[in-house]
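S.K.: Here is what each chain is made of, one letter per residue.
2 protein chains.
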Amino acid sequence: MNSRRAAVLSIGNEVVQGFLLNTNSQWLARELGDLGFDVAYHLCLLDREEELVWRLKAALDEGLFVVATGGIGPTEDDRTRHAAAKALGLELVLDHEALHDLHERYSQMGRAFPKGSEIQCMAPKGATTIRNAFGTASCFYLRRGQAGICVMPGVPREMKGVWAEEMRPKIIDDFGLNERFFAREIKCFGLPESEIDNRVKHLLPDGGKSPVEGAILVDDAVIRLRWRVLTRSEEGAAALIQPFIDEARNILGDVVFAEGDVSLESTTVNLLRERKLRVACAESCTGGMIAHLLTQVPGASETLIESAVTYSNDAKLRRLGVKRETLENHGAVSEACVREMVAGIARESGAELCVSVSGIAGPTGGVDGKPVGTVWMALWFKGQVHAWHMRMPGEREVFKWRVARTALNALRLTALHGKPPERPTFHVTTVDAK
Amino acid sequence: MNSRRAAVLSIGNEVVQGFLLNTNSQWLARELGDLGFDVAYHLCLLDREEELVWRLKAALDEGLFVVATGGIGPTEDDRTRHAAAKALGLELVLDHEALHDLHERYSQMGRAFPKGSEIQCMAPKGATTIRNAFGTASCFYLRRGQAGICVMPGVPREMKGVWAEEMRPKIIDDFGLNERFFAREIKCFGLPESEIDNRVKHLLPDGGKSPVEGAILVDDAVIRLRWRVLTRSEEGAAALIQPFIDEARNILGDVVFAEGDVSLESTTVNLLRERKLRVACAESCTGGMIAHLLTQVPGASETLIESAVTYSNDAKLRRLGVKRETLENHGAVSEACVREMVAGIARESGAELCVSVSGIAGPTGGVDGKPVGTVWMALWFKGQVHAWHMRMPGEREVFKWRVARTALNALRLTALHGKPPERPTFHVTTVDAK
Chain A
11 MNSRRAAVLS IGNEVVQGFL LNTNSQWLAR ELGDLGFDVA YHLCLLDREE
61 ELVWRLKAAL DEGLFVVATG GIGPTEDDRT RHAAAKALGL ELVLDHEALH
111 DLHERYSQMG RAFPKGSEIQ CMAPKGATTI RNAFGTASCF YLRRGQAGIC
161 VMPGVPREMK GVWAEEMRPK IIDDFGLNER FFAREIKCFG LPESEIDNRV
211 KHLLPDGGKS PVEGAILVDD AVIRLRWRVL TRSEEGAAAL IQPFIDEARN
261 ILGDVVFAEG DVSLESTTVN LLRERKLRVA CAESCTGGMI AHLLTQVPGA
311 SETLIESAVT YSNDAKLRRL GVKRETLENH GAVSEACVRE MVAGIARESG
361 AELCVSVSGI AGPTGGVDGK PVGTVWMALW FKGQVHAWHM RMPGEREVFK
411 WRVARTALNA LRLTALHGKP PERPTFHVTT VDAK
Chain B
11 MNSRRAAVLS IGNEVVQGFL LNTNSQWLAR ELGDLGFDVA YHLCLLDREE
61 ELVWRLKAAL DEGLFVVATG GIGPTEDDRT RHAAAKALGL ELVLDHEALH
111 DLHERYSQMG RAFPKGSEIQ CMAPKGATTI RNAFGTASCF YLRRGQAGIC
161 VMPGVPREMK GVWAEEMRPK IIDDFGLNER FFAREIKCFG LPESEIDNRV
211 KHLLPDGGKS PVEGAILVDD AVIRLRWRVL TRSEEGAAAL IQPFIDEARN
261 ILGDVVFAEG DVSLESTTVN LLRERKLRVA CAESCTGGMI AHLLTQVPGA
311 SETLIESAVT YSNDAKLRRL GVKRETLENH GAVSEACVRE MVAGIARESG
361 AELCVSVSGI AGPTGGVDGK PVGTVWMALW FKGQVHAWHM RMPGEREVFK
411 WRVARTALNA LRLTALHGKP PERPTFHVTT VDAK
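Quick mapping for you: the protein sequence lines, in order, are chains A and B. The opening position of the first sequence corresponds to residue 11 in the working numbering, with each subsequent residue numbered one higher. The opening position of the second sequence corresponds to residue 11 in the working numbering, with each subsequent residue numbered one higher.
Okay, chain A solo, but in the shape it has when bound:
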């Protein structure tokens, strides 16, 4: 384990009571991680001095570097300064230079110095006062061995400004940091987490023996594999991680769709553009979500010609030339229907690659042999139609999400290999490529 450990504290009743979303902790945790600190925990606390004192003391006693935000304003319920001083066993003293600056600022703004604002220029004796160019509350910093404390405002914009301009450089300098974490990740789609975990768990060391630490992160059907290493040189770290990425790609093949912070839709659109494949969709159960995802990506207009969101049977007949007999004999959720839909959109649009989907999103609409979650998907490529039958779990929203991403994955795999995949996701129950 790392010898530099940190805790991230957010102080304020509104956050603890749930009336404000705390985004500071995540942001600071990433920053601290990059500086090579192991973040032990995030804690959100009420503006109650006594409790703040003992929680701060506990963190310092554990040897943690505490990064605290909030509770340093001028009002009576701002207790962070007092609590920090008590936890450190120090007196709270006025920083005359900070007070002078604050007087200057008010006079420059043409406003009177508000009564009671002196408190915003106070810090525990011996701490370094840190300038806040983004607000009126001055900040402070104090180190004790590997432990210590830094205190910043709770308003995200102010906090980020103070951190970047003053606090971060101060920490780097004062801790003499020449090592930091470097991370790389790959993203996967088409296999369940448990299956990916089974296949690559030997590539995910916990950092105990290996300098490289690996983790599996899940964002619904998108699985991320992430490695990081504490390093002095980014190139060295990248090279250390490379074998893990190579081996994972080797094992997982085209299940890996990207390296880094790239979405499935972005990978798909960029690959389609690269291969000069124009695409068109015929959507029923996804209700426009496939096109919506494609058009989240700048440059989608270079590949997407159109999507016919034919939600009603009437629209399927009119827009895609689906035959009335097909709907009567097989229903809209059928292999025959998605085949006619995809052929129709291909004919109409002239696109090189087309996808169609029809399914039962629920909560109602399931029938015998076609329960809620049933999906048929078809792909048109080079005059050939391929169709898949799927059973998608999940409620309406998740269902659409998964079906739409499976369609994207079918487009991606087809562009990648120059031919349709055997199955675009593990949810496919039968594969049928007449």
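By construction, these hints were calculated from the structure, which means they are not laboratory data. Please note that the accuracy of each hint is not assured.
Covered stretches of chain B, as calculated for chain A (at least 3 residues, CB under 8 Å) [to be verified]:
hint, stretch
1, 22 to 36
2, 47 to 56
3, 80 to 91
4, 154 to 163
5, 306 to 313
6, 318 to 331
7, 344 to 357
From a predicted model like this one, the values you see are computed outputs, not experimental measurements. Built from N, CA and C at the ideal position, the CB exists for glycine as well.
Could you slot chain B onto chain A? The hints should help.
M.R.: Just chain B now, with coordinates in the frame of chain A:
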């Protein structure tokens, strides 16, 4: 101070290291507040069993009711079950009924039962197993006096489902909560927060003098006004809040689109169904998002005929009969174009109400006189076309979100009043109803 105190725990390396934003804690803090718990703190912890054990023990020793999320999946690094059992001094045992259910679910999905999944059906001996209809990890609950622990999944959607359907009722029943906060809220669209705040701030007491507490909450362009009161009787509370809602509705008029947890798309679809208005869309810059939002609502098929996502100019010509001269002389982002688009979709679909949009989502594509963010929207109703010009702030994703919701709002207001609105949002810069 309240005798019922709670702590909210989020467990997972990704959260602590800052790779996932923790939204669960805020959500749960609000819910616990409504149940009359004083939330003492939020804590985010790593998947490290030892540390989890002593932090959980410390919370229980403090007499806190611990609501924990995350770390209950099937993989080796999911340690929350083990830690909770140890902190409680109990053995971890298999719930055979839960295991049976899980086997059923996998067989219904037509998938093999994944190796190692039994752990997801284990709970500390004596705890109540709580069903998770939203995922594969079963949950549990155990009370000890005023303290206790409940454990739920980390995936927000799953957690919220389990909380609402199982955990919340269990807590209310088991704690015998007969006094709790009762809340009602209304939702607004079309005016900025500052404007709404100005108009209704006298209706938002802080709870000091009045038994009713009011708040304004912002979720991007959707503004929520929320009132709550601590009560034993929900009817009494509902009646206390009623005058606030009446007066706010009186002041804000049709800016209020719903009471309670109802989305704009849901209100819109239900109103369209009620008025027996079938709808069709012609989308360019929203790329299918209008249809996607409409089809998030069960029953959308009763009103939505189709959406023609005509992303390319070619599709606008072919699918909607937009004239080549119109595109050449005015461009695709023009009043003339959206008027032809909406007339085209009306003619094709036969819908009673149609909407079309064309705009510049960015980040590129802005030109002189038509910067990024420029939007034209047209509405077809009873043979008349109404068009609006807008300037929408925000990056690509936010832009699409706002334009799509403005289109929904235009549909809603038209259905509500039986005629198109003067302006469906304050972002409209000129109103033109030739």
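S.K.: Now, for every hint given, state plainly whether the structure supports it.
M.R.: These are the hints, each one checked on the structure:
1. Coverage of the stretch 22 to 36 of chain B by chain A holds. Counting CB-CB distances below 8 Å, 13 residues qualify, and the rule asks for three or more.
2. Restraint check on the stretch 47 to 56 of chain B versus chain A: 8 residues with Cβ-Cβ distances below 8 Å, three needed, restraint holds.
3. A count of 5 residues in the stretch 80 to 91 of chain B with a Cβ less than 8 Å from any Cβ of chain A is obtained; the coverage claim is therefore met, three being the minimum.
4. Coverage of the stretch 154 to 163 of chain B by chain A is violated [criterion: at least 3 residues with CB-CB distance below 8 Å; count 0].
5. Requiring three or more residues with a Cβ within less than 8 Å of a Cβ of chain A, the coverage given for the stretch 306 to 313 of chain B holds, as 4 such residues are present.
6. Chain A is given as covering the stretch 318 to 331 of chain B, and this holds because 9 residues of the stretch bring a CB closer than 8 Å to a CB of that chain, at least three being needed.
7. Here the stretch 344 to 357 of chain B counts 0 residues with a CB under 8 Å from a CB of chain A, which misses the bar of 3, and the coverage is violated.
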